[in-house]
Amino acid sequence: MNEIINRVFLSENVIRMVVSAPEIAAKRKAGQFVVLMTDEKGERIPLTIVEDDKKKGTITIIFQIVGKTTTDLAGMKEGDSLFSVVGPLGHPTEIENFGTSVCIGGGVGIGVVYPIAAALRETGNEVISIIGARTKDILILEEEMRSVSDELLVATDDGSYGYHGFVSDVLKNVIDSGKTIDRVFAVGPVPMMRVLAEVTRPFHIKTIVSLNPIMVDATGMCGACRVSVGGETKLACVDGPEFDGHEVDFDLLMTRLRMYCDQEKAAMDASRCRCNGR
Amino acid sequence: MEDKKKKIKIPRQSMREQDPQVRSKNFDEVPLGYTEEEAILEASRCLHCKKPFCVAGCPVDIDIPGFIRLISEKDFIGAARKIKETNSLPAVCGRVCPQENQCEEVCVLGKKGDPVAIGRLERFVADYERTAGDILIPEISLKTGKRIAVVGSGPAGLTIAGDLVKLGHDVTIFEGLHKAGGVLIYGIPEFRLPKDIVDAEVEYLEKLGAEIVTNTVVGRGKTVDDLLEEGYDAVFLGVGAGAPVFMNIPGENLSGIYSANEYLTRSNLMKAYRFPEYDTPIARGKNVGVIGGGNVTMDSARTALRLGAENVYVIYRRTEVEMPARIEEVHHAKEEGVQFKLLTNPVEYIGDDNGWVKGAKCIRMELGEPDDSGRRRPVPIKDSEFVIDVDMVVVAIGTMANPVIPVTTPGLETNRRGYIVTKDETGETSREGIYAGGDIVTGSATVILAMGAAKKAARAIDEYLKNK
Ligand SMILES: Cc1cc2nc3c(=O)[nH]c(=O)nc-3n(C[C@H](O)[C@H](O)[C@H](O)COP(=O)(O)OP(=O)(O)OC[C@H]3O[C@@H](n4cnc5c(N)ncnc54)[C@H](O)[C@@H]3O)c2cc1C
Ligand code: SF4
Ligand code: FES
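The listed protein sequences correspond, in order, to chains A and B.
Taken in order, the first sequence gives residues 1 to 278; the numbers are from the numbering used here.
Taken in order, the second sequence gives residues 1001 to 1468; the numbers are from the numbering used here.
Simulated from the structure, these hints should not be mistaken for laboratory data.
Ideal Cβ placement from N, Cα and C applies to all residues, glycine included.
Please note: incorrect hints may appear among the correct ones.
What the hints assert, rightly or not - Some, not all, of what chain A presents toward chain B, calculated at C-beta under 8 Å:
#1 SER20
#2 GLU43
#3 LEU89
#4 THR93
#5 VAL216
#6 ASP217
#7 THR219
#8 GLY220
#9 MET221
#10 ALA224
#11 VAL229
#12 ARG256
#13 LYS265
Input sequences plus hints: build the corresponding full structure.
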């Protein structure tokens, strides 16, 4: 049974949950994810494992309320148990000492980039992190990110905190400052990752993005998660979730994420759906 | 002799079915099964041959004349138990086995007339036993203290687990999905194999004493070697051939284009056909193209009809004669209104402004020389392209081996196509203590062949453990 040990609202609609899952915690590496179901009639949704506590046998997930399943999940309390959790799934992030690595997280994507930054730092990288959100109140994990970064830069779309603008502007500034960057890791809404890949492309800085297509089994069985990378179809659940951002067809990813928009809306009976990315 | 003549006069009993017009709108099972009278009458047709060909045609050697005799004697429970001596899943097999190519194909009655309806009788007694609730849990022989890990809970995994538990071993099944049953649960639709039946079989296995651990993808978290290190004395791999195959033609990633695996998994495992009661959505196309000619194609096409499609086209590159689907399934699909576009092959999908499929550009084919499979090879006719309007497509052209286990199990030999190599009669792989059977060895085959392979591997594992 996967009991919820702790639930904290990081902002109005972003939640951090600690879930008991000893076997997953024991094996999990940065970049991997789980697929969970809230109840028997629920959907299977993938969520990145943000942290694990191998001693306590727990994993941490962070998610934004964007659809029916995440709404249901947010409604579950400490002591409740999830119907199912399977993982760790996907390839771990390729971690080595690249030199200087820039870790960029947008919105709830900060939760995904955080373990990557931590692992990079541990391996000896100089880690520059750039995190961003629409506005200050919904910026998450600032302290955690600071603790694993040599330098932390913050941007908000509305200028309520840090740099007034997008994380891509901040990255551009870092590049323009003449700093040598060996690798970029970027996780966030699809449009953000697309723009970041365009920023680094002229400088040939390898840019790894973490993709979040719709998944069902997440074991390579169904093909729901297919993405196009370098003109080849890949299964994000088993070949990914991380790919070279310069090779990813982001338009396709966007369209495929919108596949169930109407149905999701109907089911939610609300205006929000996950169709706009993460 | 008199008796034999009389018997031959009795016609093969047909089985009642839901009306095609009605059933194409619901997910209830299509055939309704025999009544007791029908079953007894059908059973009375059997000649009880001294050398029964039917048994030789059965991959798990069911004592067919034996169980049929018990039906004639109205001992339906006895008949069910007779089958269960060699086949632990009769309610499933009675429904999905291709009897026309197995026991019934060689039944002597078939030489002059219609063979005994062995499959329908098997189904009848299994259903009788289940609804009577009179399920026998056999005494387990002395515990051996040996532990076996079974990976995958499809027909192969369920069968070997049952056999090994009965031999006194401790068995744990690891299943990647959240529900046990393999293709029986996620692939074959409710209207052909009600999920209650699969659930009952899985429950029976648990009552026997097998442990089932779901949500565990072996090779991702634990590897096969981890299992051996944890103290399992042997491992059986029954992981199926679950990876999707696409044609790799332009436009195939448009929204609205599914692999059959995804389409059927959404509908069957996730119960998307009951959306929004269940949370998983599924596209409900008005004009649906289903590519392929096998059972999976028919299952997908008939599912699309039930999900409200106005036109469902099976698009197949050869003719009906070459279709690998069971004749009965093609017949059912036609009755329900599925349309067949034969000698037709998609070459490209066309999308609308939202990236949703709106057309399948196809090319006409003709049959040329026979290929390796002995079937005549389809050849495209130049400049014969045309577009079929579709707003949903299911690609059902087969599956391949999922590499997760081979890649994470050093020394496990696979063939060119990624299937695990075994010694035929035993399921032994290139690694000591690791056995395999079912679709992961043969490629997509049938439920009963997977079960047959599992039974052989059970005997081999038992031998191996005795000598270990
Ligand atoms: C739609 C459809 C219709 C069919 N209709 C018929 C029919 O009418 N008659 C017939 O005889 N046959 C039919 N078949 C074929 C038949 O279902 C298969 O041949 C049979 O199920 C194979 O059994 P198996 O046990 O080898 O594998 P599967 O049934 O595929 O089971 C494998 C199981 O292993 C699990 N698994 C895979 N990898 C791992 C892992 N790494 N760790 C843990 N678990 C794992 C999978 O989730 C799955 O549950 C059909 C197949 C399909 C897809
Ligand atoms: S071959 Fe046909 S008639 Fe003979 S025993 Fe088998 S089922 Fe009966
Ligand atoms: S989610 Fe099914 S193959 Fe990736």
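Results of checking the hints against the structure:
Hint on SER20 of chain A is violated. Least Cβ distance to chain B is approximately 13 Å, over the 8 Å limit. The interface hint given for GLU43 of chain A is met, as the beta carbon of that residue sits about 4 Å from the closest beta carbon of chain B, less than 8 Å. Given hint, LEU89 of chain A at the interface with chain B, holds; its Cβ is 6 Å from that chain's nearest Cβ, closer than 8 Å. Taking 8 Å as the C-beta cut-off, the interface hint given for THR93 of chain A is violated, the closest approach to chain B being about 16 Å.
Given hint, VAL216 of chain A at the interface with chain B, holds; its Cβ is 6 Å from that chain's nearest Cβ, closer than 8 Å. The interface hint given for ASP217 of chain A is met, as the beta carbon of that residue sits about 6 Å from the closest beta carbon of chain B, less than 8 Å. Of the supplied interface hints, the one on THR219 of chain A holds, with its beta-carbon coming within about 5 Å of a beta-carbon of chain B, less than 8 Å. This hint holds: GLY220 of chain A has a C-beta 5 Å from the nearest C-beta of chain B, less than the 8 Å allowed.
A distance limit of 8 Å between C-beta atoms decides the matter here; for MET221 of chain A the minimum to chain B is near 4 Å, and the interface restraint holds. Annotation: ALA224 of chain A was flagged as interfacial toward chain B, and the flag holds, the nearest CB pair being 5 Å apart, inside 8 Å. A hinted interface residue such as VAL229 of chain A counts as satisfied when its beta carbon comes closer than 8 Å to some beta carbon of chain B; here the least separation is about 11 Å, so the hint is violated. Interface restraint check for ARG256 of chain A: the shortest CB-CB distance to chain B comes to about 6 Å, inside 8 Å, so the restraint holds.
For LYS265 of chain A, the interface hint is violated, the least distance from its beta-carbon to any beta-carbon of chain B being 10 Å, above 8 Å.
Comparing the model with each earlier hint shows violations of hints 1, 4, 11, 13; every other hint is respected.
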